[in-house]
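A.B. asks: Since chain H is already given, all that's left is putting chains V, P and Z on it; use the hints.
Chains as they are written, first to last, in this note's numbering: chain H, 215 to 602; chain V, 215 to 602; chain P, 215 to 602; chain Z, 215 to 602.
Any given hint could turn out to be false.
Each pair may be met inside one copy or between any two copies, as identical chains are not told apart.
Said to hold, decoys possible - Distance condition first, Cα-Cα at most 16 Å in a straight line; then the derived EDC-like pairs of lysine to aspartate or glutamate:
(1) 379 to 333
(2) 316 to 507
(3) 316 to 542
(4) 379 to 421
No lab work stands behind these hints, which were simulated from the structure alone.
Listed below, chain by chain, are the residues.
Number of protein chains: 4
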Amino acid sequence: MTDLTPIAPLLDEQAIELPSWAFGNSGTRFKVFAQPGVPRDPYEKIADAAQVHRFTGLAPTVALHIPWDKVDDYADLAKHAEDHGVALGTINSNTFQDDDYKLGSVTHSDPRIRQKAIDHHYECIDIMGATGSRDLKIWLADGSNYPGQDDMRGRQDRLADSLQKIYDRIGPEQRLVLEYKFFEPAFYHTDVPDWGTSYVQVAALGERAMVCLDTGHHAPGTNIEFIVMQLLRLGRLGSFDFNSRFYADDDLIVGAADPFQLFRILTEVVRGGGYGRDSGVAFMLDQCHNIEDKIPGQIRSVLNVQEMTARALLVDREALAAAQLAGDVLAANGILMDAFQTDVRPGLAAYREAKGLPADPMAAYAASGYAASIVEGRVGGAQAGWGA
Amino acid sequence: MTDLTPIAPLLDEQAIELPSWAFGNSGTRFKVFAQPGVPRDPYEKIADAAQVHRFTGLAPTVALHIPWDKVDDYADLAKHAEDHGVALGTINSNTFQDDDYKLGSVTHSDPRIRQKAIDHHYECIDIMGATGSRDLKIWLADGSNYPGQDDMRGRQDRLADSLQKIYDRIGPEQRLVLEYKFFEPAFYHTDVPDWGTSYVQVAALGERAMVCLDTGHHAPGTNIEFIVMQLLRLGRLGSFDFNSRFYADDDLIVGAADPFQLFRILTEVVRGGGYGRDSGVAFMLDQCHNIEDKIPGQIRSVLNVQEMTARALLVDREALAAAQLAGDVLAANGILMDAFQTDVRPGLAAYREAKGLPADPMAAYAASGYAASIVEGRVGGAQAGWGA
Amino acid sequence: MTDLTPIAPLLDEQAIELPSWAFGNSGTRFKVFAQPGVPRDPYEKIADAAQVHRFTGLAPTVALHIPWDKVDDYADLAKHAEDHGVALGTINSNTFQDDDYKLGSVTHSDPRIRQKAIDHHYECIDIMGATGSRDLKIWLADGSNYPGQDDMRGRQDRLADSLQKIYDRIGPEQRLVLEYKFFEPAFYHTDVPDWGTSYVQVAALGERAMVCLDTGHHAPGTNIEFIVMQLLRLGRLGSFDFNSRFYADDDLIVGAADPFQLFRILTEVVRGGGYGRDSGVAFMLDQCHNIEDKIPGQIRSVLNVQEMTARALLVDREALAAAQLAGDVLAANGILMDAFQTDVRPGLAAYREAKGLPADPMAAYAASGYAASIVEGRVGGAQAGWGA
Amino acid sequence: MTDLTPIAPLLDEQAIELPSWAFGNSGTRFKVFAQPGVPRDPYEKIADAAQVHRFTGLAPTVALHIPWDKVDDYADLAKHAEDHGVALGTINSNTFQDDDYKLGSVTHSDPRIRQKAIDHHYECIDIMGATGSRDLKIWLADGSNYPGQDDMRGRQDRLADSLQKIYDRIGPEQRLVLEYKFFEPAFYHTDVPDWGTSYVQVAALGERAMVCLDTGHHAPGTNIEFIVMQLLRLGRLGSFDFNSRFYADDDLIVGAADPFQLFRILTEVVRGGGYGRDSGVAFMLDQCHNIEDKIPGQIRSVLNVQEMTARALLVDREALAAAQLAGDVLAANGILMDAFQTDVRPGLAAYREAKGLPADPMAAYAASGYAASIVEGRVGGAQAGWGA
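Looking at chain H on its own, in the form it has when it is part of the complex (with noise of 0.2 Å):
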């Protein structure tokens, strides 16, 4: 068993946060397959995400997804976070549900809609004041889907424009993270498609203003871990949405299409300064379990990313480093790949039980009886989804 005591530390400052809509239901465009037990309100969102916090102790804090999970009393819905073990976290916005974004939202050519968009988001940094979220999450589902339908120009100047307007709002100690998605909704343009546009638009705007990569958003064959790299160095990293996928931005669990990039990723991560709790680079999760369990595959998930994360703390960086210099690149690769190789799992196990977790989350979940009393006590009502 390859002891983890040296990497414990570390271990200790992973904290992943988890979206709340990932234990409603979700689907394609074919097919949203419901699930028994699924929450029918945000509470029962956070008391669901607790669960995934309460068996590894890796998932601290719920983003909220407005208007999925608008609440009355924002206070109320934080003290009940906190009553289940966890925290509210990241506000995203939502301008791809209503009937006026059909062609754009903050890129739109009519000012109204536009200014729509952006009263959205001050409703959200207005949310954030609430919940003491530090940041405001923007996903654009602007773009085209046949050349010459708008003109892309017009549209890029108009969302540095708009994205001006809510930077402007956030407080000192608050930040906007932009992600940007190589397609769909948008099957021509879409309006930030690459880490570069991101990256262009958040540089323009000041210093709290980031770029978030989903793992899930760029074109077949993009190497990834260079863009961590690079948005790292560039101190642009804001947060990751991890996910992972064989085509396009299937939303399935992370690390379940390519746990070697995932490793590649996290390496990227550690070398560049982006791991820890002062490193400003927050971990998200942002997937759909359409057909398999939610609870359990986001337990899955955050395991996951503790298992690589464990596997990128112990390559031995000295070594690489000389066999870099060195120019052997056999050598160099080996070292890397032995990291990889390593089977974290008993170890973890271990560290688990000596913080008081149990040494099989996915199992402990499973004896819980938690799925059986939501399945019973769940009834009637209606169950959250992608709907507003």
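C.D. replies: Just chains V, P and Z now, with coordinates in the frame of chain H:
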């Protein structure tokens, strides 16, 4: 103006089937934007589809999707179609919207669910009898999201078994057409991912089993016209689902993303004997007009196919063969490009007028007042969409 | 025939630089097929390039590649070019064919190799002085093949440092243009993989550092015209390397693989102020005529660019803007497609004749006897290729 | 340490054929970096290959490439191999490096060139008789670069005709194995682009015609293990060419780019009966060590295959089948991942030692002094590469 008189008899043979579901609301997993005037039942869908034929003369039949288009009396629906100048066409089955099918339909390991899916196809075959349809088109959402989730080999064997049961039920003048799709809604594997799988499955069934090629269902970079060539060579190209895509299965207007690819596909269709009334190759659209108007979207689509067909028919095949035989790469490519670069629109306008059709179908539809009439007339009731 | 007289003054401004290396032998890693009559030195390359300009009036300058095009007397080479009706243009550096560069050049961890690569650029700058070239174009093969092989962050920092040293040496009327490339010849990572990296590197250098966009250097599905828009918006689009590709960096004739994409790119160039003599955006070809004849291959290429430029100039921008503002998706797309579908070839033939150029440059070149003359005349000696 | 004793008998059956050409110089179209000590003839290539077997016990045979490995006396070459502890294996034909094949070989429209290519295969079959080889492996560079360049259908028909002529010549114990490749060196179309085409071609020939699956020859995102499953189901999986890739046909060390994919492939091989001495499925490497040392590169490669094979053999198939049958997505995926995450390296070291092999073949080779001996000994003469 390029005179199209020489190819007019061939243009006369063009018939493009419309999907009933193109007239209902559709969208992405993020949002379905409703449009005013959208049909509320199969009768209204057919009425809309008939408008496309009225202004273009290109779309004499309408494909139905079961259960979306279930009615009490198919003879009455057929009569309704006839009254509107069109006929009913292909029957499309649906095994992706019932909760039982979450993990598969005809490939499911549970015999009860498999039989339910087979029974659904039997029902479709019954409807084909009532509507006089020739083709049963099967697209399966079957697949898995995670490695290990299911046994791909067992599923493939069960697929063969289920298809045989369905094939054995169709009539001597009917055909089973099996569509393949690279990914979505399953993200790790689909049970019919490529033309090879569709081919080996239908070849095992019998002579009236064919492959359906949806132009949006391939991996990036796939040479689709090669597949057209191969399936025609093997005598198994049953039908096309036309649409276009920049990235995944975007289901945009055919010819919108890559008009040259559409031209190359149609050139190969013509070259391989896949064009015309007796070819056995059915042309269909399968698109989603998520943000553009649906009826003019379909008109634009059939016109795009017609325009590229005209270009394909203009290829100087003798000169091309001579240049190819001479190994003159630039000359051969140039001959193909000459046809592609020809502006056939004036010639097609003249061709239409000679047949009593409007020279500009888009303008004629816009001037017809039909759009306003359905917005006014279709108030109340639930708009049709992808729901059963 | 579409009259191109209104856009003739703009067409007059078109100038497309030819790469000297397009006239030498090239191939794939599997085989370089030699062609008879291929140039044996830079003088013969320029003579061939001059033929392209003679028959098209589109290609007044020739780019050199150092050391492939090293000569003893650059003034003499410039005089030779002038005698043939053309001028010398961009200087391209080469840091990928020396054994020292196996693991990197300007990014190498060994200061000796780094300095050697920097010195090579100093030599190129000296040559620029002798040839009167404005642009130093840098494409780097630097990268790695295996994860862990080298430290990407260290390489990025050394890249910045090396580029600064090079930039500091160029004259006040000269520019440094940095090309990016997704992959190849490095397969795991490249040090300048995307426009974002090229942009942040050149932005750090100074105002005369620009990005070069090679149309074949992107991930599958990338919206290239978006990048054109963005780089023009940022004032950093220095030049194009035109070619086309179906899959990777195929280096086929520009416009051959996806003519509509070329049209969209040029439309965005025109829209963003990147067209014309004073735009600061240089048009270049960078192609490999592996199996087709090289001189007519280049003629075909500049004609393709001219034809798509004409279409881009024909876009009815007022009508387009109105349709966009109205949110009329189909109309806006239709206006763009109207320009694309216009057959500009007859109009361009007339335009050429009015300028004393052959109406059909391909036919005129074929009839000129030049091809036979070089096959006869260039016997003996080593044909030029990609070797130093 | 996971005890591998239960699977040791299966591990004993593993045999991975090495390509002779992996020991010669290779590179990209940009540059071939020569390495000191590289073999100068087939005898030296075999001597190097034998080192891989000596330290791993995994690579008992060496594939030859004709004409690269032509010798005067194949019996003598076989004796040489035997003296070094290995045997000669598959014969690979080469129809891509003769000027005649610029536009095609067995598909060429010129009967003379076609016959030349067929004759080359006859010669290969003669060599197979002399070497005792079972498999004739055919990879064709045939294809085209430009739409219209040639008639794809005519080429496909000629391909069938040529293959039949070749197949008719092989002996009753011999096999024809046809490789497919998505693209390169042809960029518009290849004549055998996908498994479907290879399958329909070999199925038309007879029972001893099989498909070769090169793991680097697919479109981005292709599920390769699905193809493994399908070809095993159809009884036509003849052999693997193992390597890995991030983007195109990068020919990197197998398992280097995506170790999890290699695991999934091998899991499907085992599940489908493709593993072991009597399976009829040949394991081969086909890689290019462009920048890393060649012999240790091959050692690393066969070890990677062995390590992933061990993991695949460790999959708890009963538990997996039960979880699959129960529709427990997370459990089924988890059982597969358990095997993947197991660190088999200590167990394999023990397994090797029990067989009298070095526990760490990489270290043992490095300590052997062989590398220094060939650098010293192989001075003068032309190094072997991809040239005929």
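A.B. asks: Can you tell me if residue 379 and residue 333 fall within 16 Å by alpha carbon in one copy, between copies, both or neither?
C.D. replies: Close inside one copy (10 Å), not across copies (47 Å); limit 16 Å.
A.B. asks: Taking 16 Å as the upper bound on the Cα-Cα distance, should residue 316 and residue 542 be classified as within, between, both, or neither?
C.D. replies: between (54 Å within a copy, 12 Å between copies)
A.B. asks: Tell me, please, which holds for residue 379 and residue 421 at an alpha-carbon limit of 16 Å: within, between, both or neither?
C.D. replies: within (15 Å within a copy, 28 Å between copies)
A.B. asks: Indicate which option fits the pair residue 316, residue 507 if close means a Cα-Cα distance not exceeding 16 Å: within, between, both or neither.
C.D. replies: Only across copies: residue 316 and residue 507 sit 13 Å apart there, 32 Å inside one copy, limit 16 Å.
When the structure is compared with the earlier hints, no violation turns up for any of them.
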